[in-house]
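Top line first, the protein sequences correspond to chains A and B. Okay, so the first sequence: first residue is 2 according to the working numbering, each after it adds one. Okay, so the second sequence: first residue is 2 according to the working numbering, each after it adds one.
Keep in mind the hints are simulated off the structure, nothing from the lab. Given the structure is predicted, the values throughout are model-derived calculations rather than measurements. For every residue, glycine included, the Cβ atom is placed at its ideal position computed from N, Cα and C. Incorrect hints may appear among the rest.
[Claimed, not checked] Some chain A residues well away from chain B (every beta-carbon gap over 10 Å; in silico):
no., residue
1, Ile51
2, Phe57
3, Ala62
4, Val77
5, Leu85
6, Arg89
[Said to hold, decoys possible] Computed footprint of chain B on chain A; a stretch qualifies when at least three of its residues, placed anywhere within it, have a C-beta under 8 Å from a C-beta of chain B:
no., segment
7, 33–45
8, 63–71
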Amino acid sequence: VLRGGHGDPEHSEDIDESDVAVRNTDWRAVALVSGVFLGFAAFVQPLGWIAATLLFFGVAASLGARPWLRVLAVAVVMAFATYLVFVRGLGVPLPNGPLEGVL
Amino acid sequence: MESFRLLMDGFATALTLENLGYALLGVILGTLVGVLPGIGPAMTVALLLPITFNLEPVSAFIMFAGVYYGGMYGGSTTSILLNTPGESASMITALEGNAMARRGRAAQALATAALGSFVAGTLATALLVVAAPSIVDFALSFGPEDYFALSVLAFTMISAVLSRSLVRGLASLGLGLAIGLVGIDQQTGQARLTFGVPQLLDGVDVVIAVVGVFAIGEALYVASRLRRGTPEVVTVGRAWMGRSDWARSWRPWLRGTALGFPIGALPGGGAEIPTFLSYSVERRLAGRGGRPSEFGSGAIEGVAGPEAANNASAAGTLVPMLTLGLPTSATAAVMLAALQGYGLQPGPQLFDHNPALVWGMIASLFIGNVMLLVLNLPLAPVWARMLRIPRPYLYAGIVLFAALGVYALNNSWVDLLVLYVLGVLGFAMRRYGLPLAPAIIGIILGPLSEIQLRRALSISAGDASVLVTSPIAVVLLVLSAAVLLLPVARRLTRGTATGGAAGR
């Protein structure tokens, strides 16, 4: 590194080393995931845990999950399930948002 | 015999219904995260920290130990069936294990990995019981300067060993130490590296640091280079093996244990070196027997040895963690942070002050090993199915749990921002080939060793020579210097031997 060489990226499990097209960093997907995550950070307080649906949907869709409707359905189920398990089951405080009192 | 009696007390603690439940939960979670790519035991323990603070410390640690051992078992399943290691420690297993699976011997490969892990885990835990008390007796005489020297040795060893180059290891360590500095200095009340953000005054929470670097960093890295399409998983039935497989496996298991435990117990030994050593030993021995070596096309010895070494080194890692408060793997570092979270002082006093915790956890390791064997032999097809989860959903789930765990800490969106920044750091480190473990250990061990350094200096009223007056400290510091200088010296001597013609 000191001699101006560049480091080899780490080998990872879901990385296809052989496909030349994939070897280039896909900055667009990185930006999408980043945007989704920062959006979640901004909206989790006002929206409550509903924002988790958007987080899951956004990340999965940015990584190439399709069709949209199925991704959305899985996201809703995941957010609802984590809410039930962690807030109701384990007593972890998460914001309720506008659905306060409905759940 | 004293430790035998304490161990029996430990079994009494670990065998209550409640603690058995936590052990079972731990090994299931551990196997799951070991099997799944992109998530490992260190991050899982970190995410469990906030929701386990209501538990008894013993129960929490029994669960953590289960996660740690379970991750070692699960990683081998991924290596064998997918040819991509679930954990760095099972990298070697993928070589022969996947070759076996592709020849239709996946069941035998999984069986020898699980049985070898069981044998090695049990033997190494027994060695831990024998070795730990004598190390504690020795360590009780350590002064603060000795502890400081010990952590310096751990830092240099970890940077040198867990990385392809010393420079990269040290760079990673430096990043970790810098993150560990953030917050109010405990002795003078000065705010360090907080950039005027009040939420940073308490420092960067260990949970946020570990989850950010591992989970968010991994998700971003995968986003940058995800392979399209689903990877090919070898299908497998129940794990089993025949008589000849047993005959070929038991010696590699024992040799793997003998390599794994002592190297794992060294500061900075890790699991990679013993697994690699075990592989090369088995390979050389196989070539000697006269019959043609199967190595390269799926030799069972090449799975049995490294898998045993990898589990034995996990038990070895617990020796310095419990006796000295010195973490030598990322998971051990997070467990150390958990001890502090419970207000317990890591170090040799732990055995005196909290015998129920220490021995309950050690006893649960024996129990967890049995549970893992039962879980892994018949249920191998179930774990294999986990590998078919579509990757976008898997990583979306990892990000969701990461966000949940961190947000639940303080209900603060600033924590989520810090998490993202550390995630970007983790992404950049992966992208440019810096190892992650030295940074994690720097974040957690850095502040502890700073306390020891300043304690030593305040005892000596600021005279720095105190650091080199204790013989133990001198030996440890000389060893650290040797670790740093050896590669340089070797390159210099090699350069003169070849007449310096390389011109490097």
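So, going through the hints one by one against the coordinates:
1. Ile51: It holds; Ile51/A is separated from chain B by about 13 Å at its closest Cβ, greater than 10 Å.
2. Phe57: violated (5 Å)
3. Ala62: violated (7 Å)
4. Val77: Holds: least Cβ distance 12 Å, greater than 10 Å.
5. Leu85: Consistent with the label, Leu85/A stays out of reach of chain B, its closest Cβ about 13 Å off (over 10 Å).
6. Arg89: holds (13 Å)
7. 33–45: holds (count 9)
8. 63–71: holds (count 4)
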